[in-house]
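Given next are the chains, with one letter for each unit.
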Amino acid sequence: MPWSAAVYDYNSANESKYDPEGYCLPPGGPRLMATPYHMEIIQQPENKRILMIFEGATHIWREIYMDGRQFPEGDALNPTYLGYSIGRWQDKDTLVVETRGFNENSWLDYFGHPHTDLMRVTEKWTRPSKQTLHYEALINDPGAYTAPFTVAWDIRWDADTELPEYICQENNQYLNRLEDDLGQPIFGKRQQPGQKPAAGTK
Amino acid sequence: MQSQFLRAAVLAALLLVPGVVDAQFGHPLKGQWSGEWGPKDKPKRLLLDMQWDGKAFTGSINPGDENAVVKTVTVDYANPSAWKVKIEAEGKDPSGKPLRIVAEGTLENIGAYYKVFHGTWTEGSSKGDFTVTRN
Numbered sequence: 001m002p003w004s005a006a007v008y009d010y011n012s013a014n015e016s017k018y019d020p021e022g023y024c025l026p027p028g029g030p031r032l033m034a035t036p037y038h039m040e041i042i043q044q045p046e047n048k049r050i051l052m053i054f055e056g057a058t059h060i061w062r063e064i065y066m067d068g069r070q071f072p073e074g075d076a077l078n079p080t081y082l083g084y085s086i087g088r089w090q091d092k093d094t095l096v097v098e099t100r101g102f103n104e105n106s107w108l109d110y111f112g113h114p115h116t117d118l119m120r121v122t123e124k125w126t127r128p129s130k131q132t133l134h135y136e137a138l139i140n141d142p143g144a145y146t147a148p149f150t151v152a153w154d155i156r157w158d159a160d161t162e163l164p165e166y167i168c169q170e171n172n173q174y175l176n177r178l179e180d181d182l183g184q185p186i187f188g189k190r191q192q193p194g195q196k197p198a199a200g201t202k
Numbered sequence: 203m204q205s206q207f208l209r210a211a212v213l214a215a216l217l218l219v220p221g222v223v224d225a226q227f228g229h230p231l232k233g234q235w236s237g238e239w240g241p242k243d244k245p246k247r248l249l250l251d252m253q254w255d256g257k258a259f260t261g262s263i264n265p266g267d268e269n270a271v272v273k274t275v276t277v278d279y280a281n282p283s284a285w286k287v288k289i290e291a292e293g294k295d296p297s298g299k300p301l302r303i304v305a306e307g308t309l310e311n312i313g314a315y316y317k318v319f320h321g322t323w324t325e326g327s328s329k330g331d332f333t334v335t336r337n
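In order, the protein sequence lines correspond to chains A and B. Each residue of the first sequence is one higher than the last, beginning at 1 in our numbering. Each residue of the second sequence is one higher than the last, beginning at 203 in our numbering.
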């Protein structure tokens, strides 16, 4: 759509400086599965849930409900960064997960493709080899894109790796230096019109 | 007594938590905006509530007694960092007569939390500058 193309152009021109993941906010949608940090998938058949723990993506976890439930409707589907995920097994070895209820606080990727809260994502995981998870996601967002589209990539499995700790918020000096298009600090105190800059500042 | 103290302490702590600006990276025009229009010595308050359904914008200006309904919104995206926006709305003046409102201006700081929309505000036969920022 024209607006989402303009936002993408704008974010590209700004070298993605407004990337919410750079602020240590969680990525939404498939980007969650593409962070360059470790993740762990824990299947809990006794609870009919799958948990995904992410070290990147701001040290968060994701719950996928496997109990055949329906999506909450109306206000009960409270918009969140990760959305509300319901999964099922297809042909025994393909995990299919549908997610709705995203908020608009994230980008689809580092390059600044936006999305809206109308977005729905259908993900498929398969395991073509012991070391490889194949990931596919169908993104359907009629608020930002004229047609659904698919992204896909492989995720490597490593049997001997532990989940290392990574805290994005720690010493994130990037945020302290970041200025918006108007030359004002994004997270610090804004200078009011007519106010003289404080000593030592621009 | 101790629990009452704890409740009071928790409440006080919550009140001290600074307000967090809500991130919004969907359509930059969507959301609530507040500001003023008219002469600086006698400005009039503005509150815009804009919703995007993927096809068109709906919304209202100054919800309440002075409510005006947004009828059309056009956006020129030619300059990705400074969108030209025109909002046309219909309300009523104090006597109940139809009042046409037109806000025409530039949307800037599109990627930041502190988005700014400023330009010329026309309300009936009155005209003046306006500035609103996204809440």
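Note that these hints are calculated values from the structure, not bench results. Keep in mind that this is a model prediction, so the values were computed, not measured. Errors might be hidden in some of the hints.
[Claimed, not checked] Sample of chain A residues at the chain B side, in silico, Cβ under 7 Å:
| no. | residue |
| --- | --- |
| 1 | D9 |
| 2 | Y10 |
| 3 | A34 |
| 4 | W107 |
[Stated by the list, open to error] Computed list of lysine-lysine pairs in DSS-like fashion (alpha-carbon distance at most 30 Å, straight line):
| no. | chain 1 | residue 1 | chain 2 | residue 2 |
| --- | --- | --- | --- | --- |
| 5 | B | K273 | B | K244 |
| 6 | B | K246 | A | K189 |
| 7 | B | K273 | A | K189 |
[As the list claims (entries may be wrong)] Computed far set for chain A versus chain B, every beta-carbon distance over 12 Å:
| no. | residue |
| --- | --- |
| 8 | I60 |
| 9 | L77 |
| 10 | D93 |
| 11 | V96 |
| 12 | T126 |
Beta carbons: idealized from backbone N, C-alpha and C, even for Gly.
Here's how the hints hold up against the structure:
no., hint, in the structure
1, D9, "holds, 4 Å"
2, Y10, "holds, 4 Å"
3, A34, "violated, 17 Å"
4, W107, "holds, 6 Å"
5, B/K273 to B/K244, "holds, 27 Å"
6, B/K246 to A/K189, "holds, 26 Å"
7, B/K273 to A/K189, "violated, 36 Å"
8, I60, "holds, 16 Å"
9, L77, "holds, 16 Å"
10, D93, "holds, 35 Å"
11, V96, "holds, 25 Å"
12, T126, "holds, 31 Å"
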